[in-house]
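Listed below, chain by chain, are the residues.
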Amino acid sequence: MEREEVIAELGHFALILALAVALVQGTVPLVGAARSDGRLMALGSTAALTQALLVVVAFAALTQAYVTSDFSVANVVANSHSAKPLVYKISGVWGNHEGSMLLWALILAVFGAAVAVFGANLPDTLRARVLAIQALIGVGFLAFLLFTSNPFERLSPAPADGNGLNPLLQDPGLAFHPPLLYLGYVGFSVTYAFAIAALLEGRVDPAWARWVRPWTLAAWCFLTLGIALGSWWAYYILGWGGFWFWDPVENASLMPWLAGTALLHSAIVVEKRDALKSWTVLLAILAFSLSLLGTFLVRSGVLTSVHAFAQDPARGLYILAFLLTVTGGGLALYAWRAPKLTSSGLFQPISREGALILNNLLLCTLAATVLLGTLYPLFLDLLTGNKVSVGPPFFNATFVPICAPLFAALCVGPFLGWKRAELWPALQQLRVAFFVAVVAAIVAAVAIDSRSALAAVAFGFGVWLIMGSLVEFAGRLKLGRAPWAESLRRLRATPRAAIGMTISHAALGVVVLGAVATGAWHLEVIQTLKPGEKTRIAGYDVTLVRVDNVQGPNYIAERATLAVTVGGRPFTVLQPERRLFTVQRRQVAETSIHSDGLRDLYAAMGEGDPNTGWVVRLYLNPLAPWIWLGAALCAFGGFVSLSDRRLRVGAPSRRPAVQAAE
Amino acid sequence: MSRRLLFLLPLATLALMAGFFAWSLMAGRDPASIGSVMVGRPAPRLDVRALRDGDKPITDAMLRTGKPTIVNFFASWCTPCLAEHPLFTRLAQRDGAVIIGIAWKNKPEEARAWLAKLGDPFLYAGQDFDGRTGIDWGLSGVPETYLIDGNGIVRFHFRGPITEKDVRDTILPFLKGGKP
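In the order they appear, the protein sequences are chains B and V.
Under this note's numbering, the first sequence has 276 at position 276, and the numbering climbs by one with no breaks.
In this note's numbering, each residue carries its 1-based index in the second sequence increased by 662.
To be clear, the hints were calculated from the coordinates, so they are not data collected in a lab.
Ideal Cβ placement from N, Cα and C applies to all residues, glycine included.
It is possible that some hints are incorrect.
Restraint ranges, calculated between C-beta atoms of paired labels, are given here [stated by the list, open to error]: (1) A120(B) with R794(V): 39 to 47 Å; (2) P610(B) with R714(V): 14 to 22 Å; (3) D722(V) with V439(B): 41 to 49 Å; (4) R794(V) with L454(B): 46 to 54 Å; (5) A745(V) with P405(B): 49 to 57 Å; (6) A34(B) with R794(V): 54 to 62 Å; (7) P570(B) with D722(V): 45 to 53 Å.
Here are some chain B residues pointing at chain V (derived, C-beta under 10 Å) [claimed, not checked]: (8) L286; (9) S289; (10) F395; (11) R476.
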């Protein structure tokens, strides 16, 4: 017991030291860079490594407190329980406000150390400035932790047991959702630091973009996975059959994703064509600002939502000041220095550059739409005192239509050459894809659901994205137009960045197909059943066999056994549960899903007792697994692109100013 | 020069937004004191499924019966709702008030369990599971309570839980026919 207490104290102390180191790292290298003093600049790398080590110690100490159920730590008491399975004791570390902020600080410090280690061949001044900006962000987080949200706060006397974790969060999906999201959010802090450093340096060149791209790409991949995992969690735990609710917390993660996607594409233009510099820098600032907004929107209690598990208006003012410093400071520096960034690359509107600008404009419009929809209730309240809630109807009416031109242009862009291009030849190459997409839309309208023309069109768009990407890739390999050996040789020669692009673009189509099919064509049956009674959903006969009481590690549950038959033959058995978490007296639905890759048969159990029967919700969700399969594939494409040799080998060296044309 | 102004645009936008937020955080306004645009207007559309199995759907026709009616949006996950609940129970039992309860963004079975545990003061109980009706009614959260006269006109709108004082000074006089 005594040893454990010392460990928690050690963690607190390490956190204080980390703040001190971050303060040094945030100032001294900046002075060094301004004075061209090599020794002062070199301090940045040492400090970054030290800071990372100290935050690791702090995080390990908190984890230790959770694993050993040290109930003298208030945070552990509030969020853990000795009866909890080990994996959820560990995930409980970041399943709460203080711990999640510590996780943020941890990832931030580790990324800072990564820049210090892998950035050895960055120019000294640039590296010093990047590390200093990183450290200043770190100061903001560490001070926030220590002064308003100390995870090591003590409780005396220590209670005998804890209050457990929010049972909704006691789930593998949500346990790993925040770390993935944070890897994405914090990844954008590196691009932000690079953007600010570039503004301080007064130069942005292709070598800079080569450094920024992998960080953006990595952050984007993690964010994609994090969002997908969150959506999957909502799908199977909330028991409503839906996968995206336009909840403010979901929106908060979607905005940096959209800005990050735009950044990903505009950085290509900086790298390859030495253009769009100030725009890319602006996007880097915005992507991170939106990440911070995403982190804090959940924490400040400004918005209320099912996910917002830590709400504390007292922290609101600090958060606002911090957000304002990061965003306002960045944008002020941008207003001052960005006009000096000149571009050498010129291009015509119809060109690869032009297509990427269109992509950026549409993605930013989408991000702005989500921002507006999320903040509009607040604005309206301030202006008129009128309170409204903005829900799916708003987003369906605004977000979805903007996707149409984005998706339409997405397949065309890769066919356009840099600098100047012709639209018509590009479109001609896509005629097969267009034809298949139109046929798919017509088939969908006629065969599946003639009521919703919109869904059929959207379905066509999904097919268009997949086909368009494949046609582009086939054209690259000269598939069918050249001997197989030639195509194979071309495949080997294709840069991984191009392969990654094809995978991610096609994967987006897969997501669209899944989302449209599930959203528009799902079937729903809600019925009260007594044991022995049966109901029917789309050819599946579902019989409630029995309802058992089950004892879990820290919950008791009613488990329904549903026998599903098709045409009299047994098909599957579904066992949805209603879990009552005994410590919090909270009930959570545990859905049961049978998926064959093409459709999900989804069962959730509702209220009931032996006399009246139990409410059973059944959904048939066509193509539902494709949503998450597509999202995972999308992130996979990003990782493939990340493994591109050019990024691994070419990135660190800053080439001479006069660059060979690619 | 105009090019420079263009680069200032993001900062200016941010300043505007920050101003709004600072105002909203620091003004410390009491949400209950905010006026409602609903007052004096006909009650918005109401067409929701019944919370209790076997009941008829709840519609705005129930608001135009000639009798003053109380409409209360609640949820089982909402703690302030728990606090105001005994007041509604008393209003229904002692004062014979007609109260329509609507479970907002709440799983019906959870709302039912909640009412089963605490007692059900509602003559009609509906469910606004996806919150659509709440949007029509200009809801900012739960609990919110509307006093509606016999002609279906909203006469009073409480944001947040009702209190003993609200019952004494506003709701009881309203039920007796006096203006609140």
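Hint by hint, here is what the structure shows:
1. For the hinted restraint 39 to 47 Å between A120(B) and R794(V), the CB-CB distance of approximately 57 Å leaves it violated.
2. In this structure, P610(B) and R714(V) meet the distance hint of 14 to 22 Å, their C-beta atoms being roughly 19 Å apart.
3. Restraint check, D722(V) to V439(B): a C-beta distance of roughly 46 Å satisfies the suggested window 41 to 49 Å.
4. With their beta carbons about 19 Å apart, R794(V) and L454(B) fall outside the hinted range of 46 to 54 Å.
5. The hint said 49 to 57 Å for the Cβ distance between A745(V) and P405(B), and at roughly 50 Å that hint holds.
6. Distance hint check: the CB atoms of A34(B) and R794(V) are about 57 Å apart, consistent with the given range 54 to 62 Å.
7. The hint said 45 to 53 Å for the Cβ distance between P570(B) and D722(V), and at roughly 48 Å that hint holds.
8. The closest approach between the C-beta of L286(B) and any C-beta of chain V is roughly 8 Å, which is under the 10 Å cut-off, so the hint is satisfied.
9. Using the Cβ-Cβ criterion of 10 Å, the hint placing S289(B) at the interface with chain V is satisfied: the shortest such distance is roughly 8 Å.
10. A cut of 10 Å between beta carbons decides the hint on F395(B): the least distance to chain V is about 13 Å, and the hint is violated.
11. A hinted interface residue such as R476(B) counts as satisfied when its beta carbon comes closer than 10 Å to some beta carbon of chain V; here the least separation is about 38 Å, so the hint is violated.
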